[in-house]
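Here are the chains, one letter per residue:
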Amino acid sequence: MKIVVTVKQVPDTNAEKVFDSTTNRLNRTSIENVLNPFDEYAIEEALKIKEGAGDGSTVTVLTMAPESGREVIRKALAMGADDAAILSDPAFQGSDAMATSYALAQALKHIGFDLILAGTQSTDAICCAIPAALAEHLGVSCLTYARKVTVAGGEVEIQRDIEGGYARVTAPLPAVVSVVKGINEPRYPSLKGIMGAKKKSIEVLSAAAVGAEAGRVGDAGSFTRVQGWAAAPAREKGRVIKAADPGEGAKAIVDFLIAKKVI
Amino acid sequence: MDFDLTAEQLDVVSMCREFAESEIAPNAERWDAQSEFPLETIKKLGELGLLGLPFPEKYGGSGADTLTYALAVMEIGRCDASVGITMAAHVSLGAMPFYLFGSEEQKERFLVPLARGEKLWAFGLTEPQAGSDAGATKTRAELRDDRWTINGTKCFITNAGTPISGGVTITAVTGEGDGRRPEISNLIVPQATAGYVQAKPYKKMGWRASDTRELTFENAAVPEDHLLGPRGRGLKQFLDILDGGRISVGALSVGLAQACFDAAARYAKERHQFGQPISKFQAIKFSLVDMATELELARSAVLKAAWLKDNGRDFATAAAMAKLYSGELSRRCANAAVQIHGGYGFMDEYAVSRYWRDCKINEIGEGTNEIQRMVIARQLGL
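In order, the protein sequence lines correspond to chains A and B.
In terms of numbering that gives the first Met the number 0, the first sequence opens at residue 0 and continues consecutively.
In terms of numbering that gives the first Met the number 0, the second sequence opens at residue 0 and continues consecutively.
Heads up, some of the hints might be wrong.
[Claimed, not checked] Okay, the calculated bits of chain B under chain A, using three or more residues with CB under 8 Å as the criterion:
| id | segment |
| --- | --- |
| 1 | 1-10 |
| 2 | 14-27 |
| 3 | 50-62 |
[As the list claims (entries may be wrong)] Here are the simulated lysine-lysine pairs, DSSO-like style, with alpha carbons at most 30 Å apart:
| id | chain 1 | residue 1 | chain 2 | residue 2 |
| --- | --- | --- | --- | --- |
| 4 | A | K16 | B | K279 |
| 5 | A | K147 | B | K43 |
| 6 | B | K303 | B | K235 |
| 7 | B | K42 | A | K197 |
| 8 | A | K198 | B | K303 |
| 9 | B | K42 | A | K191 |
| 10 | A | K147 | B | K303 |
| 11 | B | K235 | A | K197 |
[Stated by the list, open to error] Only part of the chain B face toward chain A is listed, based on derived beta-carbon distances under 10 Å:
| id | residue |
| --- | --- |
| 12 | K43 |
| 13 | E46 |
| 14 | L47 |
| 15 | T67 |
| 16 | A71 |
Quick caveat, the hints were computed from the structure, so don't treat them as lab data.
Note that the Cβ used here is the ideal one computed from N, Cα and C, for glycine as well.
Sequences and hints are given; from them, build the entire structure.
Here you go:
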């Protein structure tokens, strides 16, 4: 079975983000980029499925990124993925979620797959759209928000996270599955994994190589436009409740929480 | 000169940092307070390949270089000096002698489980009457009926009494020698050897979550093939081991000094006195600047010594200088960090209080400051 995990390079969650005012795009050169934390769960799940199957299944990591995307790919390879592909072409610049999903789907057709695993979302754009859009482009089933994944007999079964419980959903392979945070505990890359990662193949794919049409990627292929941006308002200073007796103070806090509809 | 780390070295640093910050740092205070050896965490270090970092893959190691090893020790030591010394003593003192001096059979038998992190190993050099004068060892081993029978005592030994300790390699007098100096050899003593006893752990000022014990040998007998390296080469062998070990204790000191700086800088920005963060006061600012400047120098010195070793150059002087400077620096940084914390720094709930207790041994272990100066003086022809 060929498992492909789609991953994204995102700015470090703790880093201060700066936008370029002419392009309205995030300035990615000035900050440290990391592997999208949600994707680590998808990689771990893919490795667990592969190890559990023990049948020569492979895990390929796929991303769309500039050349600097190699850094986050290296982490996935060090965790144990077998190989990787990077969609890297200036033509992809400015792609929104739909254009990105088209390009990734083209790449997936090019490299082949039985099961596609993805995190539910990225920590930067948080569109949560890629898994479903991929499935649509590829004409395969889409199973989202999995908190457990089982593959057997050419079928994938998941426990889909829903409020108050889970739904059991199955689909024949090939399929796209998005996994939730907390489905597993992503492993640390081992020393052997890190040292071995440099020997693994990273295929760089251009738009032409995957047959992506120019009008469907980049700015031209995007349905959305970023019109502007602003820094999040600074958090207001907290209110300090001073009360002579604790009961009075507690009542003031409870009243406040009720007013805010917290309780 | 190329100061860039390789992609692999950067990845090892980020993995170690992530692991240490999530799995070690949150527990360090408790392990210290309870003098608890963090067995499960040490096992995880083994699974990640950190306990076999500089050994070739064919011996179960990770195949990394000394520079990568030093970087890893810095990151682990930054979060907990006890875990750092457990790792460093195992790799540099426990496993390294097998790699450097062991026969192929000994490497297969002893080094492989150590490099894989399945077992820890100790190195027994220091004795109650043989500290800096390590050649004055009183422990004796006699070859009788194809077995070495060992009698003596070793003290301050790391990693000898943990639940996964596999044994200890010791120096012992095995003959009369040239009349001036006795013949000293290294002997391998597996954990279950009859007559080999590990005392209760010492109560220590610092490094409390590491395992340190006195070891006694009462007619402890090991097979003749448990001699490590040629008979009579023990003194030279342990001097070589100590040269390499200085790089790791230097790295450990840099890690601790970094932790001191991080804690002090964070606190100085948060703590307000006289209407502003104390980091705005020149006295505090300069103290932090001095720490940062010296840290840069210490890190460079340790990494240079590691680089020299990796490139097959003579690294003994560089390692002694790096260890001396970093060890003293860790003490200066711990002192400054507590000073910046003021009264809070004297309280155990602040990590700098632990750093202040952990730093002192960096000036003593793996050769005291005085011994480092003697080593360096000799190299300078003084």
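Structure-based check of all given hints:
no.	hint	result
1	1-10	holds (count 3)
2	14-27	holds (count 3)
3	50-62	holds (count 5)
4	K16(A) x K279(B)	26 Å, holds
5	K147(A) x K43(B)	25 Å, holds
6	K303(B) x K235(B)	24 Å, holds
7	K42(B) x K197(A)	26 Å, holds
8	K198(A) x K303(B)	27 Å, holds
9	K42(B) x K191(A)	16 Å, holds
10	K147(A) x K303(B)	48 Å, violated
11	K235(B) x K197(A)	38 Å, violated
12	K43	8 Å, holds
13	E46	7 Å, holds
14	L47	5 Å, holds
15	T67	8 Å, holds
16	A71	8 Å, holds
Comparing the model with each numbered hint stated earlier shows that hints 10 and 11 do not hold.
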